[in-house]
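2 protein chains.
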Amino acid sequence: MILAEIVTVGDELLDGRVLDTNARKIALFLADRGIQVARHLSIGDREGEIARAILEAAGRCDLVITTGGLGPTEDDRTRHAVAAATGADLAFHEDVFARIEALFRARGMPVPASNRLQALFPAGAEVLENGAGSAPGFAVRLGRARVLSAPGVPSELDWMLRESIDRWIRERGLDGEAPRIERFRLSGLSESAMQDLLDGAGQRPAGLVVRDRVDAGEIDLELVLPPPRDASRWAMLDGLVKALEGEFGESIVSRDGTTLVEALVRKLVALGRTLSVAESCTGGLIGHLITEVPGASAVFVEGTVAYSNPAKVRSLGVPEELLAAHGAVSEEVVKAMARGALERTGSDFALATSGILGPGGATPGKPVGLVWTALAGREPGFGPVRAWRREFPGPRSAKKVFAAKHALDRLRRALLAARG
Amino acid sequence: MILAEIVTVGDELLDGRVLDTNARKIALFLADRGIQVARHLSIGDREGEIARAILEAAGRCDLVITTGGLGPTEDDRTRHAVAAATGADLAFHEDVFARIEALFRARGMPVPASNRLQALFPAGAEVLENGAGSAPGFAVRLGRARVLSAPGVPSELDWMLRESIDRWIRERGLDGEAPRIERFRLSGLSESAMQDLLDGAGQRPAGLVVRDRVDAGEIDLELVLPPPRDASRWAMLDGLVKALEGEFGESIVSRDGTTLVEALVRKLVALGRTLSVAESCTGGLIGHLITEVPGASAVFVEGTVAYSNPAKVRSLGVPEELLAAHGAVSEEVVKAMARGALERTGSDFALATSGILGPGGATPGKPVGLVWTALAGREPGFGPVRAWRREFPGPRSAKKVFAAKHALDRLRRALLAARG
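As they're listed, the protein sequences go chains Z and L.
For the first sequence, our numbering assigns the number -13 to the initial residue and increments by one for each residue that follows.
For the second sequence, our numbering assigns the number -13 to the initial residue and increments by one for each residue that follows.
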């Protein structure tokens, strides 16, 4: 089995400014490819220390992955450190610099002199494409180990793991027999409710690893069964998966990691139906989440962020009397918002939210965290506007995410029965 | 200055099951006490490897803090590893076990035999109280270093950092003088342009550490001058800071870490001015960012997510002829969107975005990444609607963030001259 170590570089990881999420991302990436991580080290921006850490790691394992320290500033020292560790000089790559120049030209900006640094690589290194930023990664040999360096910017690392690093690892045959992974993306279920259902779902095969992760109101559950393949362990996992499919039921968004909003947009596309949203407390987040999905323009007609009461009246047709009688955070008003969005935009469905996210704004009977959600549908069989009352916990921004996800989940569930 | 290393123990940190948040928590705790963290290592549950890691760390620094591996199960090996590293036996502490027994009795539960393990400590260790769980921590000497071990359960670690570890560090005089930190939050400036300005800004005092971090289109720059306080170094930093204030100029969002959107909302509140937004490609993200700031309701009137052309006509009054003549992604249309939002909502300012975020949608002369931004203002002195053309790099979601931040930054800059 291939043994790996992860080295994340940056003073900001050691003085507490930044939470290191890259190491875990890489660990999951490697685990899925049957590669075991033995150590993860975070180290500061000093070249000598980075070089020493890489040398030590390469002496213990087959693959060292570093992130960070590839930017254009003088405290970006990873390329120098790898060169020092391997005893190589840094070589300037004209073709890489040409690409960096083109990137800046496209933004109408001159290339700062410091960006020349990002075209320097240890002599003999293989350059690894970075489709999400200006600093490519690279790979070198160091004794019996290989050292692979990628930028620390999460979006750039994501791109490289998915594309160039994945390809590089497969081409060199470094990936081993992958574990069997059964994945459940769950929505509208608490972590403890999920745990209770899991505990009651039956026997687990020996060696099964359960990974669960809460991701902005959704749960990513993975049952990981490492090799070797063995009939009785495999059959036992089949049984467990079947039981869980029954227990989780409509809370299952996908079995392949497809997220709530991706599943919802795809379903609307398949059904040929459109959506509009009327957001008060979620402030645009629902629209933002929907438009994160490529192709959302086929289903998303319009969003109204009616943060003020006049906006609710003007742009959603909420009667002033209703606001005066019940307040903006009420079943009556949130239903009127959904109805107004449906009528004004001509969409097939409309979601509406109105709530109190705090820190201020609570009134008797309406605590901070209270959110009303409504769903209106145009089709005759869909019935009257539905509404839900929820109280969400946590800090303001978490409440907002919960509220947005809850609204999206209500529409997802409502569409489950529909064919498409 | 006291130098520390952090060792977090647990297989679940290396296979990606759990995101390590303890290391950052400890790093911040130490930074606040003038203690510098040189390395953070995550390692699995094997005793020999933990012992080796602790020995290596103790050879490099003054203080090693470990978390994890103090539970009652057989794969909790940290106490054995510390004993092995120091060459001590494990000694049973009757008084600690009595406290564990009392804890279980209070919950009406028998003490599992395995919990006897939690009363074992390397001979000569000082026991550190854990008021939030059953496993106390402990501290030992190892050569010139001290090794301090705490449980990995976050709530228990929190308690110990706040109480017993804080007391232990102060009683031993390990806490030092905190560094002087000068912070710049910058917006509308690339990291490399920032670096070029920094390089040209003048002399740096000896020992100055420059930390910079890109955070969703903004830059957090910190100049950190460690003690001892020294008149000439301090004066040199004063000079550098003054020069940078001039060089960065309007790109400075704040000197205290206040973010772009926080600064913008506060400025609008101070001026008593309101804002509406008309978003196409940003899909609600600008509204979402504004409403992340508590108190945004005082300035944010309404957002229109006009994702479709009919929505631009219906809700923003964009003339259909304009859309037909120039397309949705054009200077003419984005200006009409801003003007429409201003007129329909009655706000003092309106921001509008229209762009192509991809992956599809490019046309000749309009590449993926092209975004038009417009800003309209009501006041007579504000002049006509202004517009900017940009091409943003990276994946779809990064482009969206850049576009939203760019729009917010244009309004921030426009308001700089205004008093409030």
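Any given hint could be a false lead.
When chains are identical, the list treats them as one kind, so a pair holds in a single copy or across two.
Claimed, not checked - Below, a list of computed lysine to aspartate or glutamate pairs in the DMTMM-like style, where the Cα atoms sit at most 25 Å apart:
hint	residue 1	residue 2
1	K228	E60
2	K228	D75
3	K253	E80
4	K228	E115
5	K228	D152
6	K352	E(-2)
7	K228	D61
8	K11	E87
9	K352	E278
10	K253	D182
11	K11	D75
12	K228	E149
13	K352	E233
14	K228	D185
15	K352	D18
16	K352	E87
17	K11	E163
18	K228	E112
19	K352	D216
20	K253	D81
21	K352	D182
22	K352	E35
23	K228	E87
No lab work stands behind these hints: they were computed from the structure.
Nothing here was measured: the structure is a model prediction, and the numbers come from that model.
Okay, the hints, checked on the actual structure:
In this homomeric assembly, K228 and E60 come within 25 Å of each other (Cα to Cα) only across copies, at 21 Å, whereas the closest approach inside a single copy is 55 Å. Within a single copy, K228 and D75 get their C-alpha atoms no closer than 57 Å, and across copies no closer than 38 Å, so neither meets the 25 Å cut-off. With identical chains, the CA atoms of K253 and E80 are never at most 25 Å apart, being 47 Å at best within one copy and 46 Å at best between copies. Taking the shortest alpha-carbon separations for K228 and E115, neither the intra-copy value of 41 Å nor the inter-copy value of 40 Å comes in at or below 25 Å.
Proximity of K228 to D152 under the C-alpha cut-off of 25 Å is found in neither arrangement, the shortest distances being 31 Å within a copy and 47 Å between copies. Taking identical chains as interchangeable, the C-alpha atoms of K352 and E(-2) are never at most 25 Å apart, the minima being 41 Å within one chain and 38 Å between chains. With identical chains, the CA atoms of K228 and D61 are at most 25 Å apart between copies only, with a shortest distance of 22 Å across copies and 52 Å within one. Taking CA atoms no more than 25 Å apart as the test, K11 paired with E87 passes in neither setting, with 30 Å inside one copy and 40 Å between copies.
With identical chains, the CA atoms of K352 and E278 are at most 25 Å apart between copies only, with a shortest distance of 20 Å across copies and 32 Å within one. For the identical chains of this complex, K253 and D182 are neighbours neither inside a copy (29 Å) nor across copies (49 Å), given an alpha-carbon limit of 25 Å. In this assembly of identical chains, the alpha carbons of K11 and D75 never lie at most 25 Å apart, being 31 Å within a copy and 38 Å across copies at closest. Proximity of K228 to E149 under the C-alpha cut-off of 25 Å is found in neither arrangement, the shortest distances being 33 Å within a copy and 44 Å between copies.
In the homo-oligomer, the alpha carbons of K352 and E233 never lie at most 25 Å apart, since the shortest distance is 34 Å inside one protomer and 49 Å across protomers. Proximity of K228 to D185 under the C-alpha cut-off of 25 Å is restricted to the intra-copy arrangement: shortest distance 14 Å within a copy versus 61 Å between copies. Proximity of K352 and D18 under a CA criterion of 25 Å is satisfied in neither setting, with 46 Å inside one chain copy and 39 Å between copies. Taking the closest pair of Cα atoms, K352 and E87 come within 25 Å of each other only across two copies (20 Å); inside a single copy the shortest separation is 56 Å, beyond that limit.
When the C-alpha separation of K11 and E163 is checked against a cutoff of 25 Å, the pair qualifies only within one copy, where the shortest distance is 20 Å, while the shortest distance between copies is 36 Å. Taking the shortest alpha-carbon separations for K228 and E112, neither the intra-copy value of 45 Å nor the inter-copy value of 43 Å comes in at or below 25 Å. For the identical chains of this complex, K352 and D216 are neighbours neither inside a copy (56 Å) nor across copies (55 Å), given an alpha-carbon limit of 25 Å. Within a single copy, K253 and D81 get their C-alpha atoms no closer than 43 Å, and across copies no closer than 45 Å, so neither meets the 25 Å cut-off.
For the homomeric pair K352 and D182, neither the shortest alpha-carbon distance inside one copy (31 Å) nor that between copies (53 Å) is at most 25 Å. In this assembly of identical chains, K352 and E35 lie within 25 Å of each other by CA distance neither inside one copy nor across copies; the values are 55 Å within and 47 Å between. In the homo-oligomer, the alpha carbons of K228 and E87 never lie at most 25 Å apart, since the shortest distance is 54 Å inside one protomer and 32 Å across protomers.
Checked against the numbered hints listed earlier, the structure breaks hints 2, 3, 4, 5, 6, 8, 10, 11, 12, 13, 15, 18, 19, 20, 21, 22, 23; every other hint is satisfied.
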